[in-house]
Amino acid sequence: MSELIQHPALAHHFDSLEQQKEASTLGMWVFLVTEVLFFGGLFATYLIYRNWYPDAFAAASHELDVTLGTINTVVLITSSLTMALAVHAAQLGQRRLLLIFLVATMTLGAVFLGIKSVEYYHKFAEHLIPGPGFQFEKEPVHVRHAQLFFSLYFVMTGLHALHMVIGIGIMFVMWWWSWRGTITAEYYSPIEISGLYWHFVDIVWIFLFPLLYLIGRHA
Amino acid sequence: MWTGIPLFPERASTMAGRVDALYLFLIVVAVFFSALIAGLIVYFAIKYRRRAPDSIGTGIHGSMLLEITWSVIPLLITMVIFVWGASVFFAMSRPPDETLNIYVVAKQWMWKFQHLDGQREINELHVPIGRPVKMIMTSEDVIHDFFVPAFRVKADVLPGRYTSVWFQPTKPGRYHLFCAEYCGTRHSGMVGQVVVMDPSEYQTWLSGGAPEGSLASAGAKLFADLACNTCHRPDAQGRGPVLEGLFGKTVTLQNGEMLVVDEAYVRESILMPSAKIASGFQPIMPTFQGLVTEEQLLELIEYVKSLQALPQVQTR
Amino acid sequence: MASTALLPRRHYLNDGYGVKSWLLTRDHKRIGLLYLAGVTFFFFVGGAFAVLIRLELTTPVGDLVTDETYNKLFTMHGVMMVFFFLIPAIPSVLGNFLVPIMIGAKDLAFPKLNLASWYIYMIGALFTMYAIVTGGLDTGWTFYTPFSTVSSTSNVIPAALGIFITGFSSILTGLNFIVTIHRMRAPGMTWFRLPLFIWSHYATSLIMVLGTPVIAITILLVAAERLFHFGFFDPAVGGDPVLFQHLFWFYSHPAVYIMILPAMGVISELVAAFCRKPVFGYSFVAFASLAIAVLGFLVWGHHMFVAGQSVYAALIFSILSFLVAIPSAVKVFNWTATMYKGSVSWETPMLYAIGFIGLFTIGGLTGLFLASVGLDVHVTDTYFIIAHFHYIMVGGTIMAYLGGLHYWWPKISGRLYNEWLAKFSALVIFLGFNLTFFPQFILGYLGMPRRYHAYPPEFQVLNVLSSAGASILGVGYLIPMAYLMWSLRYGRAAGPNPWGAVGLEWTTTSPPPTENFTETPEVTWDAYDYQSTVDSRQSTFPAES
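Protein chains in written order, with our numbering: chain L, 7 to 225; chain Z, 63 to 378; chain W, 11 to 555.
Do not take every clue at face value.
[To be verified] Looking from chain W toward chain L, a few residues come up when the C-beta cut is under 7 Å (computed):
#	residue
1	220
2	223
3	252
4	466
[Claimed, not checked] Here are the computed lysine-lysine pairs in the DSS-like style, where the Cα-Cα straight-line distance is at most 30 Å:
#	chain 1	residue 1	chain 2	residue 2
5	W	122	Z	109
6	Z	174	Z	196
7	Z	196	Z	233
8	W	351	Z	109
9	Z	233	Z	283
10	L	144	Z	169
11	L	27	W	433
12	Z	283	Z	311
13	Z	311	Z	338
14	L	129	Z	283
15	Z	109	Z	169
16	W	30	W	122
Calculated from the structure, these hints are not laboratory results. Glycine residues also receive a C-beta, built at the ideal position from the N, C-alpha and C atoms.
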């Protein structure tokens, strides 16, 4: 099964593009499993403490801005849509559309991070950063456990934001490769694999949003 | 010189013999299997040593019967060990109903003991033989561990919580007390002695003096000093629950949960009163976090324990 | 009888010279050697700390070093040995070198990630070494809170970051192995024709990939709590120090299986090769590796029997801990049965394998003592635990590592080492090891707690025996360094198959070419098929040096 002309993207240790693509895809899935376990430790911690201090967690959760959080959720879900459309364009060899959708995805990611920064700034102004300066005037009885909530809030959303930043970086590299013509209808697995990563980061937010923002809120 | 190396610590509690028996059984099992494997390996290595440079072994691939045998037999043996170990552990985890309680406050790097009648000891603990003793323990800082090898007793001592161990000493003498959870610079210096005495000697020692009075009486004074009595009144007119006869009872919380009033609940109610509100009461009790030391908490707990139910008061 | 083998003209070691060709290599074999340099260095650093510890413990009084220094010594001994030696050694040195060759591939699935994993390992190690030389770490390798978050004044954050970074090296190695084994086996190399070394590394990789992220986030939380005063484990804000222990041991227990499974894989290869017959019960041994990986995730609470968890939780962890012992026992029985009617040669790798089986059996059996809760209460946090895990890690893993290193040394370097020195060292190590650690079982039952700088005088005799053993053991480890390095220059050429063993690695030259095989092999035989492989009958190994 030797090809007279090897595809330029085929690495020397693989026998075929097919094998290379299967390996890369499996690799990304395994990596995402590690990410599940990584965030999993945080989710476990959250579950335990929320179980122990439900009222404090609910009170603290009410301090988060549901409007901004909802907007961010919509932004991220839309970015997953544009990502999926980018993969589709890549499969069909539509370079122009691919570039547009990659830019859209990056832009939406940046919007997400922008809104997040605004939220973080508000928290700082309201003295809700855990540590010596923490204040919880609304319900002083919960001040200590609310601090625990906010510690979790910042670590969980902070780690998520870090993953977003990396994701945007990856998308930029994908944009660059697409622009240079490295990505073709024959060889588009990098786009697919980056898409897997992006969707994963989105799904983490889908869990974070209700667990952090929507405790004890009823319509 | 060789006879001078002990293999076992002294047996000075009712549990020690049980733990040693389990240990001996395990040694027998371990020696048997180690000898079996070692013996077989050495025997095969010699008997089947290679005699010609190009000889190969006989191509035996396996035997289902052997695989089952040497899976099932170890499984049975391990289950026996499990049940035996579990039974010893149950006995260790369930103190008898009537125990002599002694409070322990561990801190870097010393052991503080509080006898109920007010005697305080540091790094030395006097106990009588023939009675079950329960240590109720907490730490002021990091995790420590209360370990008396001669009693075969060990438990971590945690900050913010009470843990306990119980033992019944059987032999007078002085025994090592070690801290067995690494706790910083002077971890290896956080050692002491448990002094086990005959009951009459122990009585003599006890009456030797507790200048400040019993823990419970110190607690009563603190209860008044901190104005707890303004809300917790025996006549049920106060804004807080009646404490007389409350210790050991089951109460219902605001959220419907039920729990038994024990040392941990009393401690939590003083430090974090909003955590578990009793049903029918408002969350208005202020916190005393930072206003009471661990020792004072123990005094208050002993005081609450000492409050007998008054016959005419209707307890909720 | 002199060997007439010659080194091949072109092989991976002379395929490009210069520092850049090594530091930017994509070749899994060169990367394995880069790891060899790293783990060897960190092993001796950790070993130096051990020497100081045992020196101090020869006398009951803490008179050699201060308390603070001693606490740093045992902490850093643990950190270096666990994270920078035991976890990477076999997988990243022998695994990296052999996994592609054993399955008939040209390289691992992601060669660049493989190189990245080495850099990540070294950077993490650098952070940790920085923490060590600028004051040290004194929390114990276990970082228990609240001591590590609130009380310790040592370099917790750089050390924590170092370990965090190095964890990614482990994750990437595991990821690489999983994808490689799934996707890059040569034609005909079905799962049940794979060498058991591959099965063990596959099971190990599952643990690396699932467990390591949890220690990563746990140690990050410790650093965050220390840096930003987040109160995850601080009772003052409602946090729970015991939660740290659960999170920590959820990884660190499976981690010990990361340390032993590859070693067991090595032993399967050694026993098969030096008895010249298939491993008895091949599929049972293969599935036992997977069973250990799975069950290993369910037993972490046995490190916490006295930590304050409920009686029922303790019992569940106890029974599961007994269950996880069974597959290990099955392996030991199968290796022993492999020797029956074998053609057993006593060369150095086999001596290490036999040593492993004996010492691992003892260490594993003492695990039963610990799984039994009523007994564990007495011996946990004492020298009994220390003896238990050193029997498995040193008597087990390190002996397997040395055995594997000796077995594949001719393949890796193309050279033979001095057999008599090698046998002598193996003996010295075996004797030194037992003298060091057997007395510690007794010390532990007597009640000597671990991490103690000074101890009651009645414990001295046993401590002196242990320290004497340690000095012998230390010498034992130095000798192989010497003769292995010497062999690189002056050792006789080994030829493709000095042992007369069966396995794809023995069908290529010693050292192998960069692409491993001149032609992709097509596999039609089972693992360890000595019967039908005729040319394996010729051994080129000299009868005497």
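Okay, the hints, checked on the actual structure:
Interface hint at residue 220 of chain W: satisfied, since its Cβ lies 6 Å from the closest Cβ of chain L, which is below the 7 Å cut-off. Because the smallest distance between the Cβ of residue 223 of chain W and any Cβ of chain L comes to about 4 Å, under 7 Å, the interface hint for this residue holds. Hint on residue 252 of chain W is violated. Least Cβ distance to chain L is approximately 10 Å, over the 7 Å limit. A hinted interface residue such as residue 466 of chain W counts as satisfied when its beta carbon comes closer than 7 Å to some beta carbon of chain L; here the least separation is about 40 Å, so the hint is violated.
The hinted pair formed by residue 122 of chain W and residue 109 of chain Z fails the criterion: a straight-line CA distance of about 49 Å is larger than 30 Å. Taking the CA atoms of residue 174 of chain Z and residue 196 of chain Z, the gap is about 15 Å. The hint holds against a cut of 30 Å. For the given pair, residue 196 of chain Z sits about 17 Å from residue 233 of chain Z by alpha-carbon distance, which is consistent with the 30 Å threshold. Between residue 351 of chain W and residue 109 of chain Z the CA atoms are separated by roughly 8 Å; this keeps the pair inside 30 Å, and the hint holds.
Straight-line distance between C-alpha atoms of residue 233 of chain Z and residue 283 of chain Z comes to about 38 Å, which puts the hinted pair past the 30 Å bound. Taking the CA atoms of residue 144 of chain L and residue 169 of chain Z, the gap is near 36 Å; set against the 30 Å cutoff, the hint is violated. Among the hinted pairs, residue 27 of chain L with residue 433 of chain W is inconsistent with the structure: their alpha-carbon atoms are about 48 Å apart, more than 30 Å. Proposed proximity of residue 283 of chain Z and residue 311 of chain Z is supported: the alpha carbons are some 24 Å apart, at most 30 Å.
Restraint check for residue 311 of chain Z and residue 338 of chain Z: the C-alpha separation of about 15 Å stays at or below 30 Å, so the hint holds. Annotation: proposed proximity of residue 129 of chain L to residue 283 of chain Z is violated, straight-line Cα distance about 44 Å (limit 30 Å). The suggested pairing of residue 109 of chain Z with residue 169 of chain Z is violated, with an alpha-carbon distance near 61 Å, which exceeds 30 Å. Of the supplied pair hints, the one linking residue 30 of chain W and residue 122 of chain W holds, its CA atoms being roughly 15 Å apart against a limit of 30 Å.
In summary, the structure is inconsistent with hints 3, 4, 5, 9, 10, 11, 14 and 15 from the numbered list given earlier, while agreeing with the others.
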